[in-house]
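As given, the protein sequences belong to chains U and R, one line each in that order. The working numbering puts the first sequence at residues 1 to 444. The working numbering puts the second sequence at residues 1 to 275.
If you are wondering where the hints come from, they were derived from the structure by calculation, not from laboratory data. Beta carbons: idealized from backbone N, C-alpha and C, even for Gly. Errors might be hidden in some of the hints.
[What the hints assert, rightly or not] Computed cross-link-like contacts, EDC-like style, restricted to lysine to aspartate or glutamate with a CA-CA straight-line distance of at most 16 Å: (1) U:37 / U:288; (2) R:34 / U:280; (3) R:273 / U:280.
[Unchecked claim] Derived CB-CB ranges, DEER-like: (4) R:79 / U:183: 41 to 47 Å; (5) R:80 / U:184: 33 to 39 Å; (6) U:283 / R:266: 41 to 47 Å; (7) R:98 / U:75: 43 to 49 Å; (8) U:167 / R:259: 41 to 47 Å; (9) R:79 / U:83: 53 to 59 Å.
[Stated by the list, open to error] For the chain U half of the interface with chain R, some residues (derived, Cβ under 7 Å), not all of them: (10) 232; (11) 266; (12) 288.
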Amino acid sequence: MRKYKDLINLHDDRGRLIASEVPIQTVSPLTNPAIQKIINFVKQCVAVNLEGIQNALATGAVGGKYCSLRGRSVKKDLVANAGAIADALKENLQVTAKDDTEVRVLKGGKHLLVLVPSKRLAAGVEYTTSATATAAALCHVLIDKFKIDMWDADLVHAAVWGRYPQTMEMLGGNVASLLSVPQQNEGMGYALRNIMAAHTAMITRKNAMNAAALSSILEQAAMWEMGDAMGNFERFHLLGLAYQGLNADNLVYSIVKENAKTGTLGDVVKSTVQRAIEDDVIRPLRKEPSGFTTYTTNDMNKWNAYAAAGLMAGTMVTCGSARAMQHTPSVFIYFDDLLERETGLPGVDFGRVAGTGVEMSFFSHSIYGGGNPAVFAGNHIVTRHSKGFTIPCVSAAVALDAGTTIYTPEKLSGVIGEVLSEVPELREPLKYVNEAAAKIKGDF
Amino acid sequence: MTPTPLTHAGQIAKEAKGKPYKPQYYPGNSLPAKNRKKYLDPSYKLQKLRTISDDDLVRIMGHRVPGQAYPSTHPPLEETGEPACPIREMVTATPGAKAGDRIRYIQFTDSVYFAPVTPYVRAWMYHTRWRSTDVGVLSGRVPLEMRERDLEKVAKELVETEIFDPARSAIRGATVHGHALRLDENGLMFDAYRRYLFNKKTGEVEYVKDQVGVPLDKPIPVGKPMKEDMLRKITSEWRIDGHKYRDDKEAIDWVKRIHMLRTIAGFDPEGIKGI
Numbered sequence: 001m002r003k004y005k006d007l008i009n010l011h012d013d014r015g016r017l018i019a020s021e022v023p024i025q026t027v028s029p030l031t032n033p034a035i036q037k038i039i040n041f042v043k044q045c046v047a048v049n050l051e052g053i054q055n056a057l058a059t060g061a062v063g064g065k066y067c068s069l070r071g072r073s074v075k076k077d078l079v080a081n082a083g084a085i086a087d088a089l090k091e092n093l094q095v096t097a098k099d100d101t102e103v104r105v106l107k108g109g110k111h112l113l114v115l116v117p118s119k120r121l122a123a124g125v126e127y128t129t130s131a132t133a134t135a136a137a138l139c140h141v142l143i144d145k146f147k148i149d150m151w152d153a154d155l156v157h158a159a160v161w162g163r164y165p166q167t168m169e170m171l172g173g174n175v176a177s178l179l180s181v182p183q184q185n186e187g188m189g190y191a192l193r194n195i196m197a198a199h200t201a202m203i204t205r206k207n208a209m210n211a212a213a214l215s216s217i218l219e220q221a222a223m224w225e226m227g228d229a230m231g232n233f234e235r236f237h238l239l240g241l242a243y244q245g246l247n248a249d250n251l252v253y254s255i256v257k258e259n260a261k262t263g264t265l266g267d268v269v270k271s272t273v274q275r276a277i278e279d280d281v282i283r284p285l286r287k288e289p290s291g292f293t294t295y296t297t298n299d300m301n302k303w304n305a306y307a308a309a310g311l312m313a314g315t316m317v318t319c320g321s322a323r324a325m326q327h328t329p330s331v332f333i334y335f336d337d338l339l340e341r342e343t344g345l346p347g348v349d350f351g352r353v354a355g356t357g358v359e360m361s362f363f364s365h366s367i368y369g370g371g372n373p374a375v376f377a378g379n380h381i382v383t384r385h386s387k388g389f390t391i392p393c394v395s396a397a398v399a400l401d402a403g404t405t406i407y408t409p410e411k412l413s414g415v416i417g418e419v420l421s422e423v424p425e426l427r428e429p430l431k432y433v434n435e436a437a438a439k440i441k442g443d444f
Numbered sequence: 001m002t003p004t005p006l007t008h009a010g011q012i013a014k015e016a017k018g019k020p021y022k023p024q025y026y027p028g029n030s031l032p033a034k035n036r037k038k039y040l041d042p043s044y045k046l047q048k049l050r051t052i053s054d055d056d057l058v059r060i061m062g063h064r065v066p067g068q069a070y071p072s073t074h075p076p077l078e079e080t081g082e083p084a085c086p087i088r089e090m091v092t093a094t095p096g097a098k099a100g101d102r103i104r105y106i107q108f109t110d111s112v113y114f115a116p117v118t119p120y121v122r123a124w125m126y127h128t129r130w131r132s133t134d135v136g137v138l139s140g141r142v143p144l145e146m147r148e149r150d151l152e153k154v155a156k157e158l159v160e161t162e163i164f165d166p167a168r169s170a171i172r173g174a175t176v177h178g179h180a181l182r183l184d185e186n187g188l189m190f191d192a193y194r195r196y197l198f199n200k201k202t203g204e205v206e207y208v209k210d211q212v213g214v215p216l217d218k219p220i221p222v223g224k225p226m227k228e229d230m231l232r233k234i235t236s237e238w239r240i241d242g243h244k245y246r247d248d249k250e251a252i253d254w255v256k257r258i259h260m261l262r263t264i265a266g267f268d269p270e271g272i273k274g275i
């Protein structure tokens, strides 16, 4: 069913045309098979740090910082036996012989990438199934394979699950999902927004276009889950996802290109306005006494999408030229300020991005504590107000950082980012989402 | 330093089919509004009023000793290589980023008594004139953070040109309070650290401490305070005893318009058609 008349041109991360005049609904999380696959992977994928478990067992250092059980030690070579562990784990997790379970050995046995079968998730209501099933199965496998007796089984549990259930989450554990436990979500539908920018940057191996795309997919898909992308606002989020996150009409890429060598954030504002005028998204309304032209639009949602694409390009030019992530909140505020003063039209997300920038600048510049932009997520108390338009820019900025922070994305993301970067759909979402959209365009 | 050459949008406007686009920067019909527009427009060259040596500026900022090599936060990009990313391939890194410089800051406080620029104008003009600026506006201070060697170039222009008045603008890294306090007997903005003093013999303001209040070996003169009528002419501040904001109907109407559009769009973006 075709709900919206908008057509977009799909481009890859290098600005090459993939498909033209594709209905906007093809990139909806409700219809795009690749986006749905990405969301399913986020639910199903679990990273296991076998090396971490091996060290925890050997030293008795389990359950997070400052927790060490002196005198407790189980020395087993898990890394060398990773293949056998993986096989046994798969057997434990499988529901039927040919289901979608997968356990992959990575980094010479140091890590495992586990894909928990969708049938297990379908048999419950919480996405935590993946982490719990993997952790529990792993305990059984280790006890069984390494003949660990009941007096050391508790150490195995602590090495795998961490301090849980004394803590809400698996604190200090060695099984990790991209999703936090539900208790850590700020409200209903926030699960996909509770993924740090550090993770998206690492999963996409610091390709800024793909980091932006993955982050935008997660954030905007959450808008459907939260109840935001409904009624008058569905098209608002669809266009936002397409133009800001998926490089629709090559807007982001071409604005960055125009300003790549010497452009300032102000230049990006001008490029954005120029493009909006050329594409008839905005038009002059009246001349003011000073000579200032006030602009208007017949399509506020499209204007917002253009502004959001400009914001992304502004982030890429500013943080890209500095090779530093910390500029993001400054871009949020002043890109919007300048855009509003340039046109007389509201900035991205109708003021919410600028507001988010104010808060985020305090919490990312050691004024009120906080942390560097890599720790932020859409679920964060100071960044949740913009409905999907800020965190994609943060992820792109984190990807562009050359190493200016004490807590690097590598350190913050840990094993999970590295392991999930092995999943092609997560690593290169632009490619897969575009291909899927082109494939289903005839359905609308 | 010459301002960034105007602009990619300007170039595009030249080539655009029958629809030239000239950036307009700021609405409003009063003198402060026009001054704001002027400061935001990078094609307007800021007037140079004084010369501060590179070394003296480094001393005032206090991040490194003059002549000292730039400490780095990561190895040069050439040595580390970069991940495969089309944006990194396109976007040229600044000299400081290429070298792996630390990110350092300069911070200004601007008096409410007709200082040339207001805090927000600083932020906007930093972003329209220079690349890779990280600026934030707080109640009484405006920090600018950049890679160190990039920062030093920008800082020079910020201190040497008409947007800096030695009496009513100040470089303050810490204990910034004073922007809204009365001026002293020499017309200087209050500073709890007394980082700068008025030299009655030369008529110049001299920095005797660096931006965080550490005493300097010798005073650094930063020029004479501007005359009051000059300040009133170049200021970007609206004041009840100067150019009243209320008299600038166009600027106020712009604020009302943005507020109205944000609100209506928040309720129903599809409901806005040609207003």
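To see whether the hints hold, each was checked on the structure:
{"no.": "1", "hint": "U:37 / U:288", "result": "violated, 51 Å"}
{"no.": "2", "hint": "R:34 / U:280", "result": "violated, 29 Å"}
{"no.": "3", "hint": "R:273 / U:280", "result": "holds, 13 Å"}
{"no.": "4", "hint": "R:79 / U:183: 41 to 47 Å", "result": "holds, 45 Å"}
{"no.": "5", "hint": "R:80 / U:184: 33 to 39 Å", "result": "holds, 35 Å"}
{"no.": "6", "hint": "U:283 / R:266: 41 to 47 Å", "result": "violated, 23 Å"}
{"no.": "7", "hint": "R:98 / U:75: 43 to 49 Å", "result": "holds, 48 Å"}
{"no.": "8", "hint": "U:167 / R:259: 41 to 47 Å", "result": "holds, 45 Å"}
{"no.": "9", "hint": "R:79 / U:83: 53 to 59 Å", "result": "violated, 37 Å"}
{"no.": "10", "hint": "232", "result": "holds, 5 Å"}
{"no.": "11", "hint": "266", "result": "holds, 3 Å"}
{"no.": "12", "hint": "288", "result": "holds, 5 Å"}
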